[in-house]
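S.K.: Let the sequences and hints guide you as you build the complete structure.
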Amino acid sequence: MTRIAIDPVTRIEGHLRIEATVEGGKVADAWSSSTMFRGMEIVLRKRDPRDAWLFAQRICGVCTTVHALASVRAVEDAVGSNPPLNARLIRDVIAGTQYVQDHVIHFYHLHAFDWVDVASATKADPAAASRLAQSISAWPKSSPGYFQEIRDKIAAIVNSGQPGLFANGYWGHPAYRLSPEANLVLVAHYLEALDWQREIVRVQAILGGKNPHPQTYLVGGMAIPIDPDSQAALNFARLDEERTILESAKTFVEQVYLPDAVLVASHYPEWFGYGAGHKTYMAYGDFPQPSGDVSSYRFARGIVRYPNEAGVDAFDPAKISEYVTRSWYAYPDERVGLHPSRGETNPTYTGPQPPFEFLNVNDKYSWLKAPRYDGEVMEVGPLARLLVSYAAGRPDIKNVLDGALRTLKLQRADLSSTLGRVVARALETQLMSGWLLEWHDELVANVANGDLAVHDGSRWEPSSWPAECEGWGSHEAPRGSLGHWVRIESGAIANYQAVMPTTWNASPRDARGMRGPYEAALLGTPVADPQRPLEILRTVHSFDPCMACAVHVLDPDGGLVVRVEDDAW
Amino acid sequence: MSFAADSLDRRTFITFCATMAATLALPESYVPAIAKALQSAKRPVLVWLAFSDCAGCTESFLRASNPTVSDLILNTLSINYHETLMAASGEDAEALLSRTVGDDRGRYIAVVEGAIPTKDNGVYCTIGGRSAIDIAREVCSNAAAVITVGACAFFGGWPASRPNPTGAVGLQDALRGLKVINLPGCPPNAVNITATLVHFLTFGEMPDTDAQSRPLFAYGTQIHDSCERRAHYDAGEFVDAWGDEAHRKGWCLYKMGCKGPGTYHNCASVRWNDGTSWPIGAGHGCIGCSEAGFWDENTPFYRRLPDVPGFGVQTTANEVGLGIVAVTATAVAVHGVISIVRDRLHPEPVDPPPPSAGKS
Ligand code: SF4
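The listed protein sequences derive, respectively, from chains A and B.
Position 286 (the first sequence) corresponds to 287 in our numbering; numbering is contiguous.
Position 259 (the second sequence) corresponds to 244 in our numbering; numbering is contiguous.
Take the hints with a grain of salt, since some may be wrong.
To be verified - Label-pair distances were calculated between CB atoms; the ranges are:
1. A:Asp442 - B:Pro285: 48 to 56 Å
2. B:Gly221 - A:Gly451: 25 to 33 Å
3. B:Ala226 - A:Asp30: 57 to 65 Å
4. B:Arg84 - A:Asp442: 47 to 55 Å
Hints are computed from structural coordinates only; laboratory data are not their basis.
Please read these numbers as outputs of a predicted model, since none were measured by experiment.
C-beta: ideal position from N, C-alpha, C; glycine also.
M.R.: Below you can see the structure in the form of structure tokens.
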């Protein structure tokens, strides 16, 4: 038995450490640990709830926008504010561009090198790479000359003695399976996507002033005025510019990202057999919000538990609880989990003092708590969303998923796997890039009808709020279900809580010793060379970890802080 | 290796050099010097450390253009360590860092993103089993130049805001005496990061800075003095409610809490995301993200400045909007008071904890 620690797990957001034991060429056990803690919820207490989104947005700069959105929704729910339709649509367009940009970055810049061997790409035949590229896509940058230029450029970097970001990759590892030409096509698109992502986020700059961390959210709406007759407002010229960017983003997704995801998936079929984990999936659902009608959400709400993949179980927020049995916090009774609204946080580090080689994984070993639903482990994210929406009968989601399964000759059950997550992420990007144009057009039509409203001012002044109130805001963020809870007393934040997608997925064990989704998914993963655990990275990266998001703390004083109303969900 | 010759055509490259010269407020005659520096045989080595951060500064860096971001991070520079972008993981990643510190000692640029938590022996941020401060001390003290990016590495950022649960500080407070250049902002603008790197590569030294080690080309002008809405401020034309006629016409956001007075940053001139827009241009006030302590000193964000306790400016917006003389006086007063408040509130530098004992 070999014991290994991967720290830092790179090509993610934040600081993640994976420890594992390897026996007989397979992962025998695994532990997922977050090694950073900042304390957003403590910082937010006593502040003006209208400022909360500006703070909360900085939980994460990769998932920029998602915490801003969940935060304003939580405060609006508490104070009874109703953002007008324009504001809702602008938020949806910002959120949608976040999906598209974030998922493309994940595929090429965070995940691709688990499947793509850069060193092999330098040996490709440019003419054959060109034929391959043209056989899978109509994307115009596909000439032999283009691939030759890319190959020479990459070879120059790799062989320069200064390989920079490409240094010390697991190049030549036996688990790499793609031809030099396929590797070259994907490396070329790695470079193109780096430059492309800058373009799509200009939509957030138009609507939010800048990216990362756009700055036009408001409790009650958006701070970007709309006026067809003003140069200082969102006008039709600006909206035209936005549509052009959204259209070209859709083309990039359809002609580059999707074919490349299929290319990778079709060369690693056995990876639809690894990385499943618990096969319990949860989605809060989203788009559009606010809307009283959850059944209208494009991403459905609910829970899917295999083997009953066809049935959606209702989601009840009261059944969420968080355990700290194996986390660096103390509860009075650590055998039980606490609902986020009743959470306590007493950070109590009991791990080894730095510098250390291994954590004591038999004790507490992470800054993440372990959220559970009715005591069960839940996976959230693109795969969970698609499986829940499919089972709930959403027609557009059913269509793209069935199409992909036919192309890849797979069953729906095969999606519960490392590559299933990769495929699900690509498919929802395709869906989202289409929905974005619908939302954009709806906004244009609404403005053309003379509706210029962007803000509900009736609940802006704290004097218009109840003396005490509480609310929640949920969002299906690119990485999965996100919830913020707020309690307001006398115009100030009395308590603030957030439960993040990566907290669900990267959680440590709970009181029953149940492994978190990463840990369970890693069991049985083949490891050809424990010194170069490429396969472990494949499964961990398939979740798209975001550690800055994952660590949060609850009310340090404990006690009942938020009551979540069932019917509010 | 030259990035101009093999990957960008000559004109694009010269355009880039000219853009950099303009951003740095250098005369056009410097363009050839910039071009020459960027075509050196050995690419300059850079390591990027991320501690208690949100990766927003990394994301912002990736919005660089001219040269394209792929050229910048792969061809112009040799980025030997960057957790979010590098191919290597685990021990293989850490080996690259220690190899750079050894082989390129005194020659590499260290960029630091994120705050450094100092409480409890630094257990609130560890990488590869080492504390943030331990890594920062080793890597930064052997660098040719140290650049902090973002509010967190500058003064601790939001993790250091009240009540600062992890004892977070900025790099200059964590490692007293270390010479750093600060590129604050939440996040900083890609164009300013690139321009600072270009200046260092061209002249072998950092651009001129203010007393807080912020380059003057980027942090030398008050937002309020370069803002496109300034004429409305001077004319007493203010937005009173979100979405009102004044808001749609682009009037001044002062009454909505704008922190442009007292904030030094070039957002108004360089704007964001290839010049697409900037926060005030889009309709929301400035939050003052390039100023130390802004998470505490500038909040509540929607309260207009003179009402912020301690600023001592009792003038109402309408009064100060009456004439240019009053405006200038107020701006000076506001900035002066902010500096005083900041000096008083700025945490005393902490002593770095002693080097930790051997491995457990
Ligand atoms: S107060 Fe703000 S919006 Fe008004 S002129 Fe100054 S910087 Fe511009």
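S.K.: Does each hint fit the structure? Answer for all of them.
M.R.: Now for the hints, and whether the structure bears them out:
1. A:Asp442 - B:Pro285: 48 to 56 Å: About 37 Å separates the Cβ atoms of Asp442 (chain A) and Pro285 (chain B), which means 48 to 56 Å is violated.
2. B:Gly221 - A:Gly451: 25 to 33 Å: Between Gly221 (chain B) and Gly451 (chain A), where Cβ atoms are some 30 Å apart, the hint holds.
3. B:Ala226 - A:Asp30: 57 to 65 Å: holds, 59 Å
4. B:Arg84 - A:Asp442: 47 to 55 Å: Given range 47 to 55 Å: holds, Cβ gap about 53 Å.
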